[in-house]
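S.K.: The listed protein sequences derive, respectively, from chains A, B and C. So that you can map any letter, position 182 of the first sequence is 182 in this note's numbering, and since no number is skipped, the others follow by simple counting. So that you can map any letter, position 12 of the second sequence is 12 in this note's numbering, and since no number is skipped, the others follow by simple counting. So that you can map any letter, position 414 of the third sequence is 414 in this note's numbering, and since no number is skipped, the others follow by simple counting.
What the hints contain is simulated information worked out from the structure, not anything from laboratory work. Check each hint, because a few of them may be wrong.
Within a straight-line C-alpha distance of at most 20 Å, the following computed EDC-like cross-link-like pairs (lysine to aspartate or glutamate) qualify [what the hints assert, rightly or not]:
id, chain 1, residue 1, chain 2, residue 2
1, B, 249, A, 309
2, A, 207, A, 315
3, B, 249, C, 498
4, A, 206, C, 525
For the chain A half of the interface with chain C, some residues (derived, Cβ under 8 Å), not all of them [unchecked claim]:
id, residue
5, 211
6, 217
7, 277
8, 300
9, 305
10, 309
Since the structure is predicted, the reported quantities are computational estimates derived from the model, not experimental observations. The C-beta atom is built at its ideal place from N, Cα and C for all residues, glycine as well.
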Amino acid sequence: MEKVLVLLHTVDGGLPAAAMETLGLARRLDAPWDLGVIGAGAAAAAQSVSGGAGKCFAVEGELFAASRYATDAAACEAVIRASGAPVVLAPDTLRFHRALPGVAERLGAAIDTHVVAVSGDGTIERWFYRQRIEAELKRSQRPWILLIEPGSQPAAEAAPGAAPERLEVACETRTSVEGFSTPVTGEQTIRPDAPLLFVAGAGWTKKQKDGAVHLEEAAQLILDFVRKSQCSLGSSKSLVDLSSEGQPVLPFLTHLHQVGQTGSSPRHKKGLATCCHGEEPHVVGWRFIKERRAINLDPNCGWARGKADVVYVADAFEVMRELLRLL
Amino acid sequence: MSYQIVVCGGLAPDPLQTLEPVFDTVKPSLRNELMLPAVFDPWAAHALYEAGHLARQHPGTLVRVVSLAPKAKLQQVMMTVAQKLPFELAALDGPAGGFTDAAATAEALAAAIAAMPDLDRSRLLLFGGWESATRGAGVVMQRVAERLGIREQFLAVDELVVEPDGALLIKERVEGGRHQISRCASPPAMLAWATGSLPEPPNHPQTGMANMRVILPALQKARPVSLAQTAEFVRVALPAAVRQTRIVKDVSAAEIAREIAEWIRQ
Amino acid sequence: MEKDNREQPEAAPLDADIVCTGFGPATAGFLWTLTRGLQQPEMAAVESKAMPGLPPQVLCYERADDISFGVSGVVTRARAIRASIPDLDPAAIPLAARVSEEKLIYLLDPHGATRRPAWMRLADQLCRAFSFLLRVEHEGLALPWVPAFLHKGDGFIFSLGQFLQWTGQQVMMTGLAQIWPGTPAAAPLIRDGRVEGVRLASDGSEVRAALTVVGDGPVGAVSRQLDEAFGMPAGRRRDEWAVGMKMVVDLPERCTLREGTVWHTIGYPEPEIFGFLYVHPDRIASVGIFVPSWMDSPVRTSYRYLQHFVRHPYLWRHLEGGRLRSWGAKSLLESGRRGEPYLAGDGYARIGECSGSTNVLTGSGVDEAWLTGVQLAEAVLELLAEGKPFTRENLEARYVARRRASWLERESQAAERARNGFQWGLLPGFAGMALAGLTGGRLAWPRRREERGIRRIEEYYAGRLSRSQIERARAAADAEGRPLHDVLMDLCGWPKIEYDGRLLVSHQDALLMGGKVQAPAEFPDHVVFRSPALCRSCETRLCIEICSGEAIHAVAGGDGTPGFDREKCVHCGACLWNCPAGNIEFCAAPGGLHSAEN
Numbered sequence: 001m002e003k004v005l006v007l008l009h010t011v012d013g014g015l016p017a018a019a020m021e022t023l024g025l026a027r028r029l030d031a032p033w034d035l036g037v038i039g040a041g042a043a044a045a046a047q048s049v050s051g052g053a054g055k056c057f058a059v060e061g062e063l064f065a066a067s068r069y070a071t072d073a074a075a076c077e078a079v080i081r082a083s084g085a086p087v088v089l090a091p092d093t094l095r096f097h098r099a100l101p102g103v104a105e106r107l108g109a110a111i112d113t114h115v116v117a118v119s120g121d122g123t124i125e126r127w128f129y130r131q132r133i134e135a136e137l138k139r140s141q142r143p144w145i146l147l148i149e150p151g152s153q154p155a156a157e158a159a160p161g162a163a164p165e166r167l168e169v170a171c172e173t174r175t176s177v178e179g180f181s182t183p184v185t186g187e188q189t190i191r192p193d194a195p196l197l198f199v200a201g202a203g204w205t206k207k208q209k210d211g212a213v214h215l216e217e218a219a220q221l222i223l224d225f226v227r228k229s230q231c232s233l234g235s236s237k238s239l240v241d242l243s244s245e246g247q248p249v250l251p252f253l254t255h256l257h258q259v260g261q262t263g264s265s266p267r268h269k270k271g272l273a274t275c276c277h278g279e280e281p282h283v284v285g286w287r288f289i290k291e292r293r294a295i296n297l298d299p300n301c302g303w304a305r306g307k308a309d310v311v312y313v314a315d316a317f318e319v320m321r322e323l324l325r326l327l
Numbered sequence: 001m002s003y004q005i006v007v008c009g010g011l012a013p014d015p016l017q018t019l020e021p022v023f024d025t026v027k028p029s030l031r032n033e034l035m036l037p038a039v040f041d042p043w044a045a046h047a048l049y050e051a052g053h054l055a056r057q058h059p060g061t062l063v064r065v066v067s068l069a070p071k072a073k074l075q076q077v078m079m080t081v082a083q084k085l086p087f088e089l090a091a092l093d094g095p096a097g098g099f100t101d102a103a104a105t106a107e108a109l110a111a112a113i114a115a116m117p118d119l120d121r122s123r124l125l126l127f128g129g130w131e132s133a134t135r136g137a138g139v140v141m142q143r144v145a146e147r148l149g150i151r152e153q154f155l156a157v158d159e160l161v162v163e164p165d166g167a168l169l170i171k172e173r174v175e176g177g178r179h180q181i182s183r184c185a186s187p188p189a190m191l192a193w194a195t196g197s198l199p200e201p202p203n204h205p206q207t208g209m210a211n212m213r214v215i216l217p218a219l220q221k222a223r224p225v226s227l228a229q230t231a232e233f234v235r236v237a238l239p240a241a242v243r244q245t246r247i248v249k250d251v252s253a254a255e256i257a258r259e260i261a262e263w264i265r266q
Numbered sequence: 001m002e003k004d005n006r007e008q009p010e011a012a013p014l015d016a017d018i019v020c021t022g023f024g025p026a027t028a029g030f031l032w033t034l035t036r037g038l039q040q041p042e043m044a045a046v047e048s049k050a051m052p053g054l055p056p057q058v059l060c061y062e063r064a065d066d067i068s069f070g071v072s073g074v075v076t077r078a079r080a081i082r083a084s085i086p087d088l089d090p091a092a093i094p095l096a097a098r099v100s101e102e103k104l105i106y107l108l109d110p111h112g113a114t115r116r117p118a119w120m121r122l123a124d125q126l127c128r129a130f131s132f133l134l135r136v137e138h139e140g141l142a143l144p145w146v147p148a149f150l151h152k153g154d155g156f157i158f159s160l161g162q163f164l165q166w167t168g169q170q171v172m173m174t175g176l177a178q179i180w181p182g183t184p185a186a187a188p189l190i191r192d193g194r195v196e197g198v199r200l201a202s203d204g205s206e207v208r209a210a211l212t213v214v215g216d217g218p219v220g221a222v223s224r225q226l227d228e229a230f231g232m233p234a235g236r237r238r239d240e241w242a243v244g245m246k247m248v249v250d251l252p253e254r255c256t257l258r259e260g261t262v263w264h265t266i267g268y269p270e271p272e273i274f275g276f277l278y279v280h281p282d283r284i285a286s287v288g289i290f291v292p293s294w295m296d297s298p299v300r301t302s303y304r305y306l307q308h309f310v311r312h313p314y315l316w317r318h319l320e321g322g323r324l325r326s327w328g329a330k331s332l333l334e335s336g337r338r339g340e341p342y343l344a345g346d347g348y349a350r351i352g353e354c355s356g357s358t359n360v361l362t363g364s365g366v367d368e369a370w371l372t373g374v375q376l377a378e379a380v381l382e383l384l385a386e387g388k389p390f391t392r393e394n395l396e397a398r399y400v401a402r403r404r405a406s407w408l409e410r411e412s413q414a415a416e417r418a419r420n421g422f423q424w425g426l427l428p429g430f431a432g433m434a435l436a437g438l439t440g441g442r443l444a445w446p447r448r449r450e451e452r453g454i455r456r457i458e459e460y461y462a463g464r465l466s467r468s469q470i471e472r473a474r475a476a477a478d479a480e481g482r483p484l485h486d487v488l489m490d491l492c493g494w495p496k497i498e499y500d501g502r503l504l505v506s507h508q509d510a511l512l513m514g515g516k517v518q519a520p521a522e523f524p525d526h527v528v529f530r531s532p533a534l535c536r537s538c539e540t541r542l543c544i545e546i547c548s549g550e551a552i553h554a555v556a557g558g559d560g561t562p563g564f565d566r567e568k569c570v571h572c573g574a575c576l577w578n579c580p581a582g583n584i585e586f587c588a589a590p591g592g593l594h595s596a597e598n
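Make the full structure from the sequences, and use the hints.
M.R.: This is the structure in structure tokens:
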């Protein structure tokens, strides 16, 4: 394997899990590697993990604290040029995903994102068609930037080393970061680090056995469970679409909760799908969820066909009522 | 202020279709690719609806779609998209699909945009989806923007609000289910949209017919484009369905709840 | 996330020269011929009256969400299609193949549950007794020849969806016609006996045109409302129908069936049900059945019968291990010439199945529909060139006259009485078909005066199930939420279908996996039960049994009106012609099947 540059950014002054995973991958590839870190506190962060690195660079300062294209791209470009490594490994965070493709264009580099595996001979694996098709590919073009999918690699242990060389980078931009918004409902129901993901499907809003719709109870059962179990809440597309058509279905569900083909692919250890059929466009979003169970009245639903570990053929309302009693 | 909004978007197979790859050791493709009904890429579509929304708020704004796709399929897809909002079309007749090269695609799109005689960078907003439903790389928009010298770029956008002084207030999704709010003083800017905050506009036949006056000739004039392939594919496959599902039937809700509670606690 | 209500543009009327309803094979033939004709130099001077200075504005509104979502068999001699497209190469159209071999197969009853009359059971026994001599294998007898009237040997197998996608793309690439999917036409605009265009279902916009071409199929809303407004010609009735239901299957790897194979089957799963198997390229097959209106079962249904058909040993030996790719259903108007409405009037003309072009003797409708479209287009081109208006007289003189002078008319006359015999019984039915077929329609079984209506369940199952069994079956169906036909078929000895999750799947799974059925949110229910009192007094609830998608279902504790689940409806229209009281309103709406392979 050729020389690699591990390019990371800080979050709140430290290195996030995704960064440690990328570092772990580089070490396992058994290639000589450089380290570059950008962002607030980059120098200290770099030093905390530079053990084993060849060259080590940092770009920090007020200009580079904020996550924004122009400054991040300038910083990354500087680090990549300074290192000269033909292959760049970086975590596929939104910050880097925003910046690095443009950097690739500037450098005449190739770039591949959402990479889930890299082998010593330079073959990478990534997904196509919203994770319905997996592929392995190679490229001869250099430099080659690889954005490593968070959650796909085990994290490295931090090993401190030499202090980085600080690079001075000048950059102008018309963009300033103003802040962050709080979730719509005033309560955080998306918890990426929770061990359990609870997915609500459109079946919650359909007519039940008694021929009536029970929206209020559905909402209450779902929210109570999310609060009590401190799990993360997800949804199928059809349920979110109903919410967005102006119908007061389950108003605490937004597109951010959507899991699947046009939604997200969260990474929880366990997932519990309720009242959703388990069809392909939704299930592709479950790719990284290790243990899967579903509650559905249909014993022949998609989950039952190899997509879940256990399918409970039962009324979700009844099961959730009982489950809440136990928690 | 009125804008020039250029929306880049390609085609994706209708999401409900079953996809299977075929790989002749050189170039992968989808089995029966010609047969699959296509839609306008879902996130690019969101970007387009947002463009339409912005155009209504800022009279004099032009919305122009640039699309690289097989001409006949693009024509068919336009018959649905064109009913939703007024826009012009610049079409490039070329291959679509997830296995085409992102850099080559970006080069073709950027060239088409740069060649627009009426391009006004001071009013230019470049819109697109944050990634495609096919290649799913999320790199084309950034590359196009760089080629056009646009260095204010935003990814995973859900909202754009224009302030009274003309600054753009933009919300991007960030990790943890939150949005980052940024302020960009002025165009040109590139916004790669996530789902945005607007529902899909209903179809309006009048809009469709009016659009056809520009779209039909644009399709007939579509310049053929070939895309170089730089990646060397080694293997292309459907992921294996590995699970042996245990189906639990005829068991009381209470018992099921007990089993689930135990599983959660493990 | 709020709907932005400010931005609805005014629903101002649209003006065009020609507006078509429905993009099926008839309208495809019409637009193919019309756009090519308009490209000829002698038509260059013809201008749009709606938008002077431009060529004629030709619009087509199709209900389904894509022009590739249609459903049909199809095997066709493609005479008219090939006349329009002489260099038609099946390789250019996905799933198209030339017919390579054709068989007519009598399927025996492997388990004794079918409602065969005695003579047919005797026939089965004879077949088994002499199976070696007759070469009966796998419970099927391939007849030594295919009657000429059924014969498709020189033709093609198509996927209708793919054929329409291909022709639609070609038509639109001329730039001379626009085909708008997802845009159902709700009703014709009629004033003083003239048709002046259509009203669209979505927002009530009016599309005005000098000529309205009605090609919206056997259950199309515009076509039916024209019948209500203008009546049917004397003696004409639309009283013979069928549900066609099919699966598209990936054949197992070891399958030896050749591309282009065509099987026509009779005898199973019920003697009234005809079946088919066509083999497309790439080891893909279409397999399906027709459940006709003259099958007088009060619990007639399609999906379960289709599964039994697939499980018949003669077919199962080839299909076992296969995978369901697609599924779909439609109504067929089998009244033929007897159901032919007024073909033209002031400002409108009818083409395709809604104009009675389907031929029940030959079992074909696609090519016939295409031909009617071609004939109308030729008439329209003449009238445009001559600057003449689209009056009833002119359309009758140019379009209807062409139709009457063509093979379409000859063959539809031959077919007109071909199915009369089935009104009397099976033996007269088959005999009558053979008679009509072999004599070109000159001889036929006489038509029965009263229509054979739906029988009461007790009467239909007399001799097989007792009254108390039927009562218990009703109770079980109600309690378990199963359709009544399912319980009754079990009682009659029909084996349970073992689902394999790949080819044999539940009805709902077929809808989702195969048909990929959708319903857009912002439309009202398009199937409406007019009078709850009529539903309450209905004994059979045939609508529930026959519904192709299980969209119509019983509601426990309701007012007797069945429930309707829009998301499961494939717009086949079976409910419309199965309701004995005519109590169902079936409106135009988008959505339904989302498969491009049917």
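S.K.: What are the numbers of the hints the structure violates, in ascending order?
M.R.: Going through the list in order, the structure violates hints 6, 10 and respects the others.
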